[in-house]
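Letter by letter, the chains look like this.
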Amino acid sequence: EPEVTQTPSHQVTQMGQEVILRCVPISNHLYFYWYRQILGQKVEFLVSFYNNEISEKSEIFDDQFSVERPDGSNFTLKIRSTKLEDSAMYFCASSAGGRSNQPQHFGDGTRLSIL
Amino acid sequence: GDSVTQMEGPVTLSEEAFLTINCTYTATGYPSLFWYVQYPGEGLQLLLKATKADDKGSNKGFEATYRKETTSFHLEKGSVQVSDSAVYFCAPSNFGNEKLTFGTGTRLTIIP
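Protein chains in written order, with the working numbering: chain S, 1 to 115; chain E, 116 to 227.
Since the hints were made in silico from the structure, they are not lab data.
Ideal Cβ placement from N, Cα and C applies to all residues, glycine included.
You may find that some hints are simply not true.
[Said to hold, decoys possible] Cβ-Cβ distance ranges computed for the label pairs, FRET-style:
1) E:Y145 x S:T76: 30 to 38 Å
2) E:T120 x S:R80: 44 to 52 Å
3) E:S129 x S:R80: 48 to 56 Å
4) S:M15 x E:S194: 44 to 52 Å
5) S:A96 x E:S194: 28 to 36 Å
6) E:G176 x S:E68: 37 to 45 Å
7) E:G124 x S:G97: 39 to 47 Å
8) S:D71 x E:N137: 21 to 29 Å
9) E:D170 x S:R111: 34 to 42 Å
10) E:I226 x S:P70: 46 to 54 Å
11) E:K167 x S:I54: 45 to 53 Å
12) S:E85 x E:N137: 24 to 32 Å
[Unchecked claim] Think about it this way: if two alpha-carbon atoms lie no more than 30 Å apart in a straight line, the pair counts; the simulated BS3-like pairs of lysine-lysine are:
13) S:K42 x E:K167
14) S:K57 x E:K167
15) E:K167 x S:K83
16) S:K83 x E:K175
17) E:K171 x S:K42
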């Protein structure tokens with residue numbers, strides 16, 4: 001069964017540094033998402049992306065965050081200047097359609113640790 | 116905005132016990148409803164879904180029925196196994212609104 005893959009599985013970065021989290025969505029999917037889960041808390045929506053532009057973003061997704069689909073397969077999340085509170089598990093997801101009955105398929109996540 | 120209230124965990128049960136994890140939601144319109152499961156060290160996996168009122172989603176012995184009148188989508192399993200130990204998340208998704216709104220998650224531990 002096709003799956004969403006994320007790299008790296010664990011990223012350790014100094015505060016203030018830029019970090020790029022990478023995702024390869026399922027190949028025929030058109031809608032892409034990033035979520036994060038701070039340790040012990042709920043999974044929170046960050047951003048959705050379709051047709052090379054952001055469809056929706058949450059309050060968490062401020063100017064320090066950006067997303068990009070640089071080629072036909074990758075979907076990246078960049079944090080420009082990381083803060084301690086950015087430490088979390090980041091999940092990428094993709095779906096075949098934007099209708100709410102199309103399930104989102106998640107990757108295994110990237111654990112981001114900011115020192 | 117959308118919100119989900121999920122049964123607080125952790126929940127510990129013996130193998131072959133009956134499981135219920137409660138979930139109620141508030142959402143505009145007529146959302147689709149999902150249960151996701153997160154096994155230790157893994158990402159979120161879709162467990163089951165229901166897209167309209169009175170639909171029953173089922174998978175791996177788990178079931179949940181879309182109850183519009185009580186805005187609930189409780190997860191049930193008749194006989195749990197040790198391999199069901201995981202964190203379970205309830206999530207509605209609003210029509211025309213792509214994001215999933217997750218509950219806090221319920222950690223389930225099954226002991227032999």
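Taking the hints in turn, this is what the structure says about them:
1. E:Y145 x S:T76: 30 to 38 Å: Since Y145 (chain E) and T76 (chain S) have Cβ atoms about 34 Å apart, the given range 30 to 38 Å holds.
2. E:T120 x S:R80: 44 to 52 Å: With a Cβ separation near 35 Å, T120 (chain E) and R80 (chain S) fall outside 44 to 52 Å, so the hint is violated.
3. E:S129 x S:R80: 48 to 56 Å: The hinted range 48 to 56 Å holds for S129 (chain E) and R80 (chain S), with Cβ atoms some 50 Å apart.
4. S:M15 x E:S194: 44 to 52 Å: Between M15 (chain S) and S194 (chain E), where Cβ atoms are some 49 Å apart, the hint holds.
5. S:A96 x E:S194: 28 to 36 Å: Because 33 Å falls inside the window, the suggested range holds.
6. E:G176 x S:E68: 37 to 45 Å: Holds, since G176 (chain E) and E68 (chain S) (Cβ atoms, about 41 Å apart) stay within the stated range.
7. E:G124 x S:G97: 39 to 47 Å: violated, 32 Å
8. S:D71 x E:N137: 21 to 29 Å: violated, 44 Å
9. E:D170 x S:R111: 34 to 42 Å: Given about 35 Å between the Cβ atoms, the range holds.
10. E:I226 x S:P70: 46 to 54 Å: holds, 47 Å
11. E:K167 x S:I54: 45 to 53 Å: Violated, since K167 (chain E) and I54 (chain S) (Cβ atoms, about 29 Å apart) do not stay within the stated range.
12. S:E85 x E:N137: 24 to 32 Å: At 31 Å between Cβs, range holds.
13. S:K42 x E:K167: holds, 25 Å
14. S:K57 x E:K167: holds, 26 Å
15. E:K167 x S:K83: violated, 42 Å
16. S:K83 x E:K175: Between K83 (chain S) and K175 (chain E) the Cα gap is close to 41 Å, so the pair fails against 30 Å, i.e. violated.
17. E:K171 x S:K42: Within the cut-off at roughly 25 Å; holds.
Checked against the numbered hints given earlier, the structure breaks hints 2, 7, 8, 11, 15, 16 and satisfies all the rest.
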